[in-house]
Amino acid sequence: MLKVGHERSAVVLGTRGSKLAVQQSEWVQGQLLALAPHVTVTLRRIQTAGDKILDVPLAQIGGKGLFVKEIEEALLSGEIDLAAHSMKDVPTELPEGLAILCVPLREDPRDALISRDRESFMDLPRGARIGTSSLRRQSQLLHARPDLTIAMLRGNLDTRLKKLREGQFGAIVLAAAGLRRLGWAHEITEYLTPQISLPAIGQGALGIEGRRDDLFIRSLLSGLDHAPSRTAVLTERALLHRLQGGCQVPIAAHATVVGTGVRLEGLISSVDGKELIRDVVEGTIEDPES
-7 MLKVGHERSA VVLGTRGSKL AVQQSEWVQG QLLALAPHVT VTLRRIQTAG DKILDVPLAQ
53 IGGKGLFVKE IEEALLSGEI DLAAHSMKDV PTELPEGLAI LCVPLREDPR DALISRDRES
113 FMDLPRGARI GTSSLRRQSQ LLHARPDLTI AMLRGNLDTR LKKLREGQFG AIVLAAAGLR
173 RLGWAHEITE YLTPQISLPA IGQGALGIEG RRDDLFIRSL LSGLDHAPSR TAVLTERALL
233 HRLQGGCQVP IAAHATVVGT GVRLEGLISS VDGKELIRDV VEGTIEDPES
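Here the working numbering is used: position 264 in the sequence shown is 256, and no number is missing along the way.
Listed next, with one range per pair, are the computed distances between beta-carbon atoms:
(1) ARG118 <-> ARG37: 39 to 45 Å
(2) TYR183 <-> LEU25: 28 to 34 Å
(3) GLU65 <-> ARG255: 33 to 39 Å
(4) LYS154 <-> SER211: 42 to 48 Å
With a Cα cut of at most 27 Å, we get these calculated BS3-like pairs of lysine-lysine:
(5) LYS11 <-> LYS61
(6) LYS155 <-> LYS11
(7) LYS11 <-> LYS154
Just so you know, these hints were derived from the structure itself, not from any lab.
For every residue, glycine included, the Cβ atom is placed at its ideal position computed from N, Cα and C.
Work out the full structure: start from the sequences and follow the hints.
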């Protein structure tokens, strides 16, 4: 096993095996090689519980860390040295000994609508069937358009787009960041405003997790960390932690950092969207988690 805290010539980066996860991890790999050309970064694919169970809504599977647990176990055992996650998949409480060591510059956090006939959200016909795997999206879409029909849609991006084109759905809603990272931004019909669909906590942001006491990995990642993105994500995750929410509760938040200030917009909703509470608070970057 590589010795923690000492100069090393090779590290192992853990990733899920999906096309998007691998693309994100390859981006991190490239950034690290540019920052430290003398260090070899090897990818290791690890299948998670969330990758194996594709026919059940996430809210019904239960438990936390469906897309990270097995990867975190590999970190703790020393099988891998760091891991790149979509921050929206990372529970607010991490295993003892692990930490999010780096948050790179955040991608677009918004949700994106892809409609089969290129209609905007408000122009979709009454009763249109909308595909999503998220209770957060479901509740907000129904709040804005109670006439719509929301249906479960899981699987990788290729699978979801295939189902849309086959006519199983009139439209689907996905994270814009994933589409953009895969070079599929041209598929987007409309970027949904926060008034229609406030993003998931951490959406659009990558987090690089490692062992808390691994000084070498901390140093390696220092040049990739983007302070405003980290502050925004920490602020959003603090709200989720305070509300003790998981994937069974529709909670959304988006933080923006301007100068030394942080603005947080958050909401919590009933699953059917009939009851929705939204508020905005402001604070400082010195204590984003308060």
